[in-house]
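Based on these hints, arrange chain B on the given structure of chain A.
This is what each chain is made of:
2 protein chains.
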Amino acid sequence: MAHPLLNERDTEFLLYEFLDTEALLQRSRYSEHSREIFDATLKTARTIAEKYFANHNAKGDSNEPSFDGEKVHLIEETKQSWDTFAEAGFLAAHCDFDEGGMQLPEIIMRTSLAYISAANIASASYPFLTIGAANLIRSFANDSLKAQFLPQMIDGRFAGTMALTEPDQGSALADIRTSAEPAEDGSYRIRGQKMFISGGDQSLTENIVHLVLAKIKGAPAGVKGISLFLVPKFLLDENGQVSERNDVKLAGLLHKMGYRNTTSTVLSFGEREGAVGYLIGEPHQGLKYMFQMMNEARISVGAGASVLGYQGYIYSLNYAKERPQGRLPSNRDPGSKQIPIIQHADVRRMLLMQKAYSEGGLGLSIYATSLYEDQHTAPTEEQRQNAATLLDLLTPVVKSWPSKYCLKANELAIQVLGGAGYIREFPLEQLYRDNRLNAIHEGTEGIHALDLLARKVPAQNLAAYQMMQAEIRDTIMRARDKESLQSMANALEESLGKLDETGMALFGQLQENVDRGLSNATLYLDVFGCVLVAWIWLRQAIVAEKALENNPGEEDKHFYCGKIHTARFYFEWELPNIQQSITLLKSGNSIPFDMQESWF
Amino acid sequence: MAHPLLNERDTEFLLYEFLDTEALLQRSRYSEHSREIFDATLKTARTIAEKYFANHNAKGDSNEPSFDGEKVHLIEETKQSWDTFAEAGFLAAHCDFDEGGMQLPEIIMRTSLAYISAANIASASYPFLTIGAANLIRSFANDSLKAQFLPQMIDGRFAGTMALTEPDQGSALADIRTSAEPAEDGSYRIRGQKMFISGGDQSLTENIVHLVLAKIKGAPAGVKGISLFLVPKFLLDENGQVSERNDVKLAGLLHKMGYRNTTSTVLSFGEREGAVGYLIGEPHQGLKYMFQMMNEARISVGAGASVLGYQGYIYSLNYAKERPQGRLPSNRDPGSKQIPIIQHADVRRMLLMQKAYSEGGLGLSIYATSLYEDQHTAPTEEQRQNAATLLDLLTPVVKSWPSKYCLKANELAIQVLGGAGYIREFPLEQLYRDNRLNAIHEGTEGIHALDLLARKVPAQNLAAYQMMQAEIRDTIMRARDKESLQSMANALEESLGKLDETGMALFGQLQENVDRGLSNATLYLDVFGCVLVAWIWLRQAIVAEKALENNPGEEDKHFYCGKIHTARFYFEWELPNIQQSITLLKSGNSIPFDMQESWF
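Quick mapping for you: the protein sequence lines, in order, are chains A and B.
Throughout, our numbering is defined as the position within the first sequence, counted from one, plus 266.
Throughout, our numbering is defined as the position within the second sequence, counted from one, plus 266.
These are calculated hints, taken from the structure and not from any lab test.
Nothing here was measured: the structure is a model prediction, and the numbers come from that model.
A hint or two may mislead.
Said to hold, decoys possible - Okay, derived cross-link-like pairs now, EDC-like style, lysine to aspartate or glutamate, Cα gap no bigger than 20 Å in a straight line:
hint : chain 1 : residue 1 : chain 2 : residue 2
1    : A       : LYS823    : B       : ASP860
2    : B       : LYS325    : A       : ASP434
3    : B       : LYS722    : B       : ASP766
4    : B       : LYS852    : A       : GLU840
5    : A       : LYS603    : B       : GLU838
6    : B       : LYS587    : A       : GLU330
7    : A       : LYS852    : B       : GLU838
8    : B       : LYS490    : B       : ASP717
9    : B       : LYS852    : B       : ASP747
10   : B       : LYS587    : A       : ASP434
11   : B       : LYS674    : A       : ASP434
12   : A       : LYS325    : B       : ASP327
Unchecked claim - A few chain B residues facing chain A, derived, Cβ under 7 Å:
hint : residue
13   : LEU519
14   : GLN591
15   : ASN652
16   : THR655
17   : ASP658
18   : ARG834
19   : PRO858
20   : GLU863
All C-beta atoms, glycine included, are put in the ideal place defined by N, C-alpha and C.
Excised from the complex, chain A in its bound form (with noise of 0.2 Å):
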């Protein structure tokens, strides 16, 4: 049986229904565009997808890189789809024209590249990372470094990398120790150990560009005293050429739980005479910069949740449909035929909160997108400045929420399947597997949440906060014009009520003490997840019941149908599981944060 990467027609549903990405047509930027120019880029990515990316999805997992003290091998078709994915243009596929883009909206790319991610997460990263650094170059760097470093990330020839992390702080970006000294040249001197790079080394392109934070000697303590730097791990000559071998090395490669075909690695940089970095932008401020790769990385993290999520639901769902056992309570004919495991309602359970968590999970994403795309391109200063108010409001929660709820959907899949989905003879666990890193990085959970409630929530006045209850409201009100959509307005009114007044509660409690304030902010998060999901489950419930009035074939109803009764059952089922962790918040039980360590 196929097993579709994504649902064909849930993806033109939330391109196309659930938002109005046609309108994007009207903008001038893409006045040379169509909608079938947008179906057809997304129907070759999903045949890049296919057939570069599926084909080495389980291969990559059991034959993971390895680094024999001089190169990094990757299995072959890893390159290959590397090659596929340039040559398709997708690594410039929202650039502009003249820069040898597509030009394309940001969202086109994104569900084009939701196709890749479904395909193969671990092979995707090195792309998407590609993509992540050109853009920070793009944004901030001079010309000169845009001039020698760009077009070659953008056709394939250099990848690109994030370098945060180091060994001894982890999440605590403020302690990190890497040091740039300024050089002769005017370049500096980089030294120092990052750990958890991502795409570090690989053997696919000629070049790796490392964008790595590092602290200009005698600069402030903290966060104001990161910069950001160029570091390529070839320098280039005077022509633009790739020559000698910069002063970075591969200490080592980690080992993954999941995630496998994606190198994670440990980087020395300046060991001997220190590597050589070009500094981007000002001085000191180098996490302000950092910040757009990693909020576009958080969006594209949950994204990559979503559809490991949406490829597990797929493949258990198709699985429950042609796989016969056992009977219904009700027959107690032992002679009687075996029935397909999804007539037994315990598996349409397990379907359904997979159904709700994953196409949650994609919608909200997709959303983020538009935001972004809003960001970038709407019609006025004021709606591309509230977009972005916006969505840094939504980003903690985009990153977080569908890198919870669609591991657990991974784990329903796998619950479907029984002793099969345990195996790796199936492709589930792997889902699993690589999932659970979706939690981890780009900011756990708990940073997140702190950076929810301490920050995103609190700030400008609650304006980003009022402008989501705005949006909101609008679609409890126009939820309310439908009679079957009243419940789901009203529970939906209720959990925004609820929520607005445990955030007031928690800023109550945060004056008082902010440690314990804060302790229980990735309940918030968790609640705020929750509230926002249902508000997309009830915009897509909105759209499924207009559409039916116009009374659609045979297959679209079913599949608006589909739509709702998923709304339904996330409105009955999930949304109203917040209600503990909101008695917990408001009441600001403290039982964590008065835990003794001696007393564990």
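Below, chain B alone, put in the same frame as chain A:
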């Protein structure tokens, strides 16, 4: 840093304070034992676990068993672990002195085995299955079979397996197709294929004794036609010595996500002349017999899940105490020293959850073992019968609750370590992979849910269920003596009442429509388990409160405070989560039941 397998202080607490294991010394069967012997046994097990099992837990995972078409290869440490376990007498620890055993209480044996599982759950499978298989033969086989096979199974020359599942039926044993044909010599010829048979082939023992479910030709349809056969890998000659190969062939090994050093096999019986099998007990009674082994295995699965959770808890706790990173939110000085991550409240939350799940799970498992003990050795027939009745009710919960929550514990342990938790250079990701099996084997969560709701609770007019209620009420009464335990006592009483109402509501629904009434059974299983573990925690808190009254030493004081604080955590953070499931169950929410296949 040393990472102990379990917390010895807690093991002591569970055996001698939470339960009164010393009281077993009053039973005539154990009159030759003493507390010192119990403790020495535990110490021996711990030493063997550390030296012969923990030594190759990671190695067995990365060098999983292989099959060259002739033989199965296991890393040699597996054989050493098997031999040491057998030589120390643990295969027969619970057996009568007459049989060459140590006649130790089940609870001492199982707690000993908990150390072995914590060290290496995969290598532990071989002896554990052998113990269960030998117990089954002892209970139901005729004297001749017992004489031929039991001595070698308790001295370690033969191993045992349970061969139930087939490729085409999975959980639906009623549909097995393996056949048994009577031969002239009184034995049978077995033909069919079995799948997911743990330990189905290996290179540890001279012989393997498969306990095979099969249908004698002409047997009734369904489970009433299942018989049990002893099918050795090698036949025995007239002197009881291993002789020619039986017609049992290893068709292949399966490759699991975790638990890798346990071979998971596909076995073909009777591809040539038919495998020689010996009927155990009466024809068509096989499933009833097999339930003894399945039920033992289920308790063992719950215990295994708990100790994997426990291992992750201990490891991540020690890591959190030592790993410096970041500062408290109230500390804005980037020049100040970083703090160990245990000082971050969110890390303490994740550790507390792990403590609540793993100590709760282990407490539940050890309690179940005490029921098993009483079932066999309590002084009066009534006590024995009551224990059997109660254990029969609780088995699905004892198996399922730890399998769900201690997997969550391992997920949290990974999160505490962040990136380090995700790489194979640290042991946590393996624990997580290993533990994922436990919600699947020995009956999936969904199967146990149906068993609990449709059979175990309503059995004999709720007799067992009411016995459990009485036990819990007794604890609630005892907790009321202590002011500090009042609120937990009240919460447990309230939850027990809700469980009761929920059950009654469900029985009503079942009578209306059995398929629909059972459709949400998995939620009921979860609620039931959460209430039961609340009871386990309240019992622990009562003991701890009493112990604190006696002014214990400093270390014990911390230990007891930890128990009480964790009980409070469980009651305030975990137990209230059942409310949403109760709401869905009582209202007979039918969203999953109503979901149409075409809507997915």
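Hint by hint, here is what the structure shows:
no.: 1; hint: LYS823/A with ASP860/B; result: 16 Å, holds
no.: 2; hint: LYS325/B with ASP434/A; result: 28 Å, violated
no.: 3; hint: LYS722/B with ASP766/B; result: 14 Å, holds
no.: 4; hint: LYS852/B with GLU840/A; result: 16 Å, holds
no.: 5; hint: LYS603/A with GLU838/B; result: 47 Å, violated
no.: 6; hint: LYS587/B with GLU330/A; result: 33 Å, violated
no.: 7; hint: LYS852/A with GLU838/B; result: 13 Å, holds
no.: 8; hint: LYS490/B with ASP717/B; result: 17 Å, holds
no.: 9; hint: LYS852/B with ASP747/B; result: 33 Å, violated
no.: 10; hint: LYS587/B with ASP434/A; result: 15 Å, holds
no.: 11; hint: LYS674/B with ASP434/A; result: 27 Å, violated
no.: 12; hint: LYS325/A with ASP327/B; result: 19 Å, holds
no.: 13; hint: LEU519; result: 10 Å, violated
no.: 14; hint: GLN591; result: 5 Å, holds
no.: 15; hint: ASN652; result: 29 Å, violated
no.: 16; hint: THR655; result: 24 Å, violated
no.: 17; hint: ASP658; result: 20 Å, violated
no.: 18; hint: ARG834; result: 6 Å, holds
no.: 19; hint: PRO858; result: 4 Å, holds
no.: 20; hint: GLU863; result: 6 Å, holds
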